[in-house]
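Enquirer: The primary structure of each chain is shown beneath.
There are 2 protein chains.
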Amino acid sequence: MMRPAHVESVAETFRMLGAQTRVRILDGLGEGELCVGDIAKAVGMSESAVSHQLRLLRTFRLVRVRREGRQAYYAVDDHHILELLNQARTHVEEGS
Amino acid sequence: MMRPAHVESVAETFRMLGAQTRVRILDGLGEGELCVGDIAKAVGMSESAVSHQLRLLRTFRLVRVRREGRQAYYAVDDHHILELLNQARTHVEEGS
DNA sequence: TGAACGTATGAGCAAGCGTTCATATATTAA
DNA sequence: TTAATATATGAACGCTTGCTCATACGTTCA
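Protein sequences, first through last, are from chains A and B. First residue of the first sequence? That's 1 in the numbering used here, and the numbers climb one at a time after it. First residue of the second sequence? That's 101 in the numbering used here, and the numbers climb one at a time after it.
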């Protein structure tokens, strides 16, 4: 059985992955880092909405930022996140 | 890039995993099937609340039921679900 | 048949979420 | 300095979520 503190963090991580827009953002970042404007174009959302979602993803350590001039380049924080996405996609594709 | 239909299903799956109570339920089911009353005791929730959550987990195919007399025995639907939990726990334990 | 038990469901409500819009901050260019 | 650009933030609003409480359903036993 999982430790209570872990239950909370695990649920938080999944909660971050539990919205289409954030899945699309992370999926877009799968190829490599992107700046906010490019993410917004890629997922078809306003830059403001993207920025709000990136803040959540940052807070819960699913992405990290690298600032360069006036741009902020975001990347998936660690390989486990992309593996979670892949695993879930496999689950979905297998239709069970 | 992920197909739009998959994005939706993947997000749905994660959304189901994104609540402490459901994580605890699934974690409890990791050892094997349990009936509703035993799940309720294990996670310290009312049977009604557990039943509501199990319905969600059933609807999105994270668990399956086997009815036997007046009990309903729930089990994790497939191994990917437990692997997702393990992967997320690893992510959390590594502290990054 | 009737009562008891295990589970499921519907309504209702407080809390949380995800967006938009307006505004603020930081950096670069003129 | 001022203007333009890229990003971040706060408030507000409608929608969703997760619970409780009451009730209903299906099964077993007397």
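It is possible that some hints are incorrect.
Counterexamples of contact, computed for chain A against chain B with all Cβ distances above 12 Å [unchecked claim]:
no.	residue
1	Ser9
2	Phe14
3	Arg15
4	Arg70
5	His79
6	Glu83
7	Arg89
Here are the simulated DMTMM-like cross-link-like pairs (lysine to aspartate or glutamate), alpha carbons at most 25 Å apart as the crow flies [as the list claims (entries may be wrong)]:
no.	chain 1	residue 1	chain 2	residue 2
8	B	Lys141	A	Glu31
9	A	Lys41	A	Asp78
10	A	Lys41	A	Asp77
11	B	Lys141	A	Glu8
12	B	Lys141	B	Glu131
13	B	Lys141	B	Asp178
14	A	Lys41	A	Glu31
15	A	Lys41	B	Asp178
16	B	Lys141	B	Asp127
17	B	Lys141	B	Glu108
18	A	Lys41	A	Glu8
19	A	Lys41	B	Glu112
To be clear, the hints were calculated from the coordinates, so they are not data collected in a lab. For every residue, glycine included, the Cβ atom is placed at its ideal position computed from N, Cα and C.
Enquirer: Take the hints in turn and mark each one as holding or not.
Expert: Hints, verified against the model:
no.: 1; hint: Ser9; verdict: violated (4 Å)
no.: 2; hint: Phe14; verdict: violated (4 Å)
no.: 3; hint: Arg15; verdict: violated (3 Å)
no.: 4; hint: Arg70; verdict: holds (27 Å)
no.: 5; hint: His79; verdict: violated (9 Å)
no.: 6; hint: Glu83; verdict: violated (6 Å)
no.: 7; hint: Arg89; verdict: violated (6 Å)
no.: 8; hint: B/Lys141 / A/Glu31; verdict: violated (45 Å)
no.: 9; hint: A/Lys41 / A/Asp78; verdict: holds (24 Å)
no.: 10; hint: A/Lys41 / A/Asp77; verdict: holds (21 Å)
no.: 11; hint: B/Lys141 / A/Glu8; verdict: holds (19 Å)
no.: 12; hint: B/Lys141 / B/Glu131; verdict: holds (15 Å)
no.: 13; hint: B/Lys141 / B/Asp178; verdict: holds (24 Å)
no.: 14; hint: A/Lys41 / A/Glu31; verdict: holds (15 Å)
no.: 15; hint: A/Lys41 / B/Asp178; verdict: violated (36 Å)
no.: 16; hint: B/Lys141 / B/Asp127; verdict: holds (14 Å)
no.: 17; hint: B/Lys141 / B/Glu108; verdict: violated (33 Å)
no.: 18; hint: A/Lys41 / A/Glu8; verdict: violated (33 Å)
no.: 19; hint: A/Lys41 / B/Glu112; verdict: holds (23 Å)
Comparing the model with each earlier hint shows violations of hints 1, 2, 3, 5, 6, 7, 8, 15, 17, 18; every other hint is respected.
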